[in-house]
Amino acid sequence: MSRQHYLRIRLVMMEAGGVARPAPQRSQAADLVIDTDHRGMPQLPATSFAGALRQRVREIRPDAVDEWFGFVQGSESRASGIWVLGSRLVDATGALRSGPATTSEVTTTAIDRHSGAAAVRTLRKTQILPAGTRFEIYVRCDAGIPMADLVRCLNDWAPLVGHSTSTGRGRCEVEEVRTGTLDLSTSEGLLTWLTTSGPDLVRSVATKVEPVSRPDVAGATYTLTFRTADGPLAFSLNSDGELPSSRRLPGASIKGVIRSRMEYILRSVGLLNEYACGGVGCGTCVVCQVFGHSAKANVKRVSVGQRALLRVHDAPVTGVVRKRSHAPLDRWTGGVAMASKDEPKVYVANSRGGLLHTFEGVEEGQFTATFVGELPERLKVGFEALLTLVLADIEDGLVGFGRATTRGYGSVSLSAVTVPGEGSLPTREQAQQWVVDELARQSDSEGALA
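All residue numbers for the sequence shown refer to this note's numbering, where the first residue is 1 and numbers rise by one.
Derived from the structure by calculation, the hints contain no laboratory data. Small disclaimer: the values here were computed from a predicted structure and weren't measured. The C-beta atom is built at its ideal place from N, Cα and C for all residues, glycine as well. One or more of the hints may lead you astray.
So the derived label-pair ranges between C-beta atoms look like this [said to hold, decoys possible]: (1) R152 with R322: 51 to 59 Å; (2) S268 with L85: 46 to 54 Å; (3) D112 with V269: 15 to 23 Å; (4) E395 with V217: 25 to 33 Å; (5) A101 with P22: 15 to 23 Å.
Construct the complete structure from the given sequences, taking the supplied hints into account.
Put into structure tokens, the structure is as follows:
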């Protein structure tokens, strides 16, 4: 093959995130760390980008997926003509970065589907890269793949890469594309091939800047605006005794509260098995199909997993910030528990052994939860019905947001709601009727199988 085509694709992360890998268990260290290359620099693994690019081609040129990326069907197979060679961290000008990348850590926990509290032994820390991080990806294309068509697939592209993409992480945009062809039948091309390798080879060949436009990411959006009700919205001090730099509810927390309550409603009326979706996901119910699910070992599944159809972003919280201190009761005396008889000590929350501890409460607060994405009609009806019932439980004070919801914090009331288009959420009666109809449909299905 005397001619080789190369691409340099520069991606910019519009949201914090990144591709992470499990880390060895270490005290006070992240459980998931950013994936790195042989130099210890953050990278975008070739497999991650290849999968995202294949899905993009499937959306734009479904007829070309097997031809470009290969396939395996029984005894027939075809190798991929697109080679994703790797990536490098670059700055805003496209120059390769040599210094360490800045990362931060986020802490999350799963929600117990039955109690509604944090599930035991699910606290985890994850490293993330900041928004604005840039990667340059190197791609080689074999002869027969039209470069112009491939570049068109990169136009207006906003891939979701890495972990937690359904909770406001990992959205990227194509910032620049450069192409070039290496002709090995010429002495210049052969000299380049023999004297350079790796990223330097691709960078020396792919120099032609291709016109690409940035995507318009506006999509169908559900917005729910809440105000604090009976008590403030609680935030904890960190292990260093410092307040969080921004008062916000993570998208993962909002998604977890809404999803777990939807599952609770379905189980309560008999539309879900008692043990279905309990942190695993069944893969068949409305909730799993809307919010996504993943495969787990030793669990019989009908699917290997699915990414969420709706993305839930972090919600900034506005309001009056006040600190509130609390102390536990001594279980024997009924008085305030002390660290020791002669040395009372103030501990921050989450410091293990903390007695007197401080919460940061946002009073007269307000935040807006957003759910972005397109739902097929069959899922949209069920999701909106369940959302109506969850909002009713929130209004009744049965569900709260933030920390210490069983101790007077986190109660909110709905002040405004918008849905995609010009419609509105169903009424409570209409939502309850959807549940009745689903029960009847399930009963008919079971009767037909009997």
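Verify the CB-CB distance for D112 and V269 against the hinted window 15 to 23 Å. Taking Cβ atoms as reference, D112 and V269 lie about 20 Å apart, which means the hint holds.
Using the Cβ atoms, figure out if E395 sits within 25 to 33 Å of V217.
For V217 against E395, whose Cβ atoms are near 32 Å apart, the range 25 to 33 Å holds.
Holds or violated: the 15 to 23 Å window for the beta-carbon distance between A101 and P22? For A101 and P22 the Cβ distance comes to about 19 Å; the hint holds.
Does the hinted range 46 to 54 Å hold for S268 and L85 at CB?
52 Å, holds
A range of 51 to 59 Å was offered for this pair. Does it hold for the Cβ distance of R152 and R322?
55 Å, holds
The structure fails none of the hints (numbered hints given earlier).
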